[in-house]
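Residue numbers (our numbering): 37 to 455.
Just so you know, these hints were derived from the structure itself, not from any lab.
For glycine and all other residues, C-beta sits at the position ideal for the given N, C-alpha and C.
This list has only true hints and no planted wrong ones.
Restraint ranges, calculated between C-beta atoms of paired labels, are given here:
1. Glu202 <-> Asn360: 21 to 29 Å
2. Gly383 <-> Glu202: 24 to 32 Å
3. Glu71 <-> Trp233: 49 to 57 Å
4. Leu374 <-> Gly205: 39 to 47 Å
5. Phe390 <-> Trp233: 42 to 50 Å
6. Ala207 <-> Glu71: 50 to 58 Å
7. Ile280 <-> Val437: 38 to 46 Å
8. Ser226 <-> Val437: 36 to 44 Å
Heads up, simulated PhoX-like pairs for lysine-lysine below, C-alpha to C-alpha not over 25 Å straight-line:
9. Lys211 <-> Lys256
10. Lys125 <-> Lys156
11. Lys136 <-> Lys157
12. Lys74 <-> Lys156
13. Lys74 <-> Lys136
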Amino acid sequence: MYVPSFSKQGFWLLFAGLFALPLTSQQPSIGEKKEPLKLFVECNCERNYIRQEIDYVNHVRDQSLANVQLFIYDVANGSGGRTYMLEFKGARDYEAIYGKLQYETSVNMTSDEVRKGLVKKIRSGLLRYVMESDLVEDITYTVKKDNTNKIRDIDFDDPWNNWIFEIYGEAELDKESSRREFEYEVGFESDRVTEKWRIRADLEMNQARSQFERDDETFKSERLRYSLDASIVRSLSDHWSVGIFVGGRHNSFTNLDFSTFIRPAIEYNIFPYKEVLRREIVFAYRIGYFYNDYIDTTIFGQNSEGIFDHSMDIQLRYRQPWGNVYARLRGSTFLEDLNKNRIQLFGRLSVRIFKGLATTFSGNFEGIRDQISLPAGDASIEDVLLQQKQIATNFELGFRVGLSYTFGSAFNNIINNRL
Numbered sequence: 037m038y039v040p041s042f043s044k045q046g047f048w049l050l051f052a053g054l055f056a057l058p059l060t061s062q063q064p065s066i067g068e069k070k071e072p073l074k075l076f077v078e079c080n081c082e083r084n085y086i087r088q089e090i091d092y093v094n095h096v097r098d099q100s101l102a103n104v105q106l107f108i109y110d111v112a113n114g115s116g117g118r119t120y121m122l123e124f125k126g127a128r129d130y131e132a133i134y135g136k137l138q139y140e141t142s143v144n145m146t147s148d149e150v151r152k153g154l155v156k157k158i159r160s161g162l163l164r165y166v167m168e169s170d171l172v173e174d175i176t177y178t179v180k181k182d183n184t185n186k187i188r189d190i191d192f193d194d195p196w197n198n199w200i201f202e203i204y205g206e207a208e209l210d211k212e213s214s215r216r217e218f219e220y221e222v223g224f225e226s227d228r229v230t231e232k233w234r235i236r237a238d239l240e241m242n243q244a245r246s247q248f249e250r251d252d253e254t255f256k257s258e259r260l261r262y263s264l265d266a267s268i269v270r271s272l273s274d275h276w277s278v279g280i281f282v283g284g285r286h287n288s289f290t291n292l293d294f295s296t297f298i299r300p301a302i303e304y305n306i307f308p309y310k311e312v313l314r315r316e317i318v319f320a321y322r323i324g325y326f327y328n329d330y331i332d333t334t335i336f337g338q339n340s341e342g343i344f345d346h347s348m349d350i351q352l353r354y355r356q357p358w359g360n361v362y363a364r365l366r367g368s369t370f371l372e373d374l375n376k377n378r379i380q381l382f383g384r385l386s387v388r389i390f391k392g393l394a395t396t397f398s399g400n401f402e403g404i405r406d407q408i409s410l411p412a413g414d415a416s417i418e419d420v421l422l423q424q425k426q427i428a429t430n431f432e433l434g435f436r437v438g439l440s441y442t443f444g445s446a447f448n449n450i451i452n453n454r455l
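Let's have the full structure, built from the sequences with the hints guiding it.
Take a look at the structure:
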């Protein structure tokens, strides 16, 4: 059994833990024997590492067997890292104890630093439960008499003024005796996030070349696309935001020699934005203008054209102890011709049905009636097989379902990574 030991810093964490996790009901009577701590963790993180580092509680794999449940939700933050919200819920002897903590990471942190910081935050949240368990008799702490109690001013000056930049590149080569493929992608991203503003600019270029040989014939394919997208979004309140989106692109696959657009937008979130880690229902409306210059004459006889369009997005996201729900519905149409439109629906549902059994459903549907950039004439078999040109379609549909069942020992704190 691991016995927690606290330095002066640990003492203050203990003190903070006593008040950071507010009680929601009456506590068990003093002197009453309480069951050992049994912890269930649900997160997008390294559970094995958590079990290894926090070995003074029993880790269980089923939520119904735990008397301490920990749900960790995470979302990207303005520093390029992630913000984790830790929600602790007690059950049975510890039902009175409930609380939330927050842990933030930056893009410069290594994965090891992230997981160590997360474990440290979990330990802080568990302190209240440890104090109410039989482990309280095993807790010791020490206070060092040095200068650590002096208050120091922290300089929050940021020479980058909240800007985050990223440069990336990737190349892939596949070769066989009769086939050769080469593809590369490079890009640059910049992002500035504050409480009121979000400014983004992304530049990307991708090129793919393929060559196939069959019966003394050689088939070649080349696809090139590049794009520049930028946006400025301003928060108006806890529920409203406005922004403007601009961009330009070239895409040989979709017959676009050059395309540019500008679209103002407004967004409303039913729930306050601070609850985005747990739930959100967002409505976003965009209206704007785009101009297309085509590589080949289109099926409508156009070499170039400018069109006004608008769209509505509805997104729903719930992250709950029983599972996660995400859905997105997007509809768009041309203002001058409502018959040219597109509707997109995507949904994903993951549910814990009962002990050990979980299921996941996901699906997407896209109704397509706005392929104005299709080149005139019939696509050759080479264009279709080599995916060199886009072809006409009315819809796209996909569906996936998954089921998992875990059984066996529910109590196992041992970590063993040997062969």
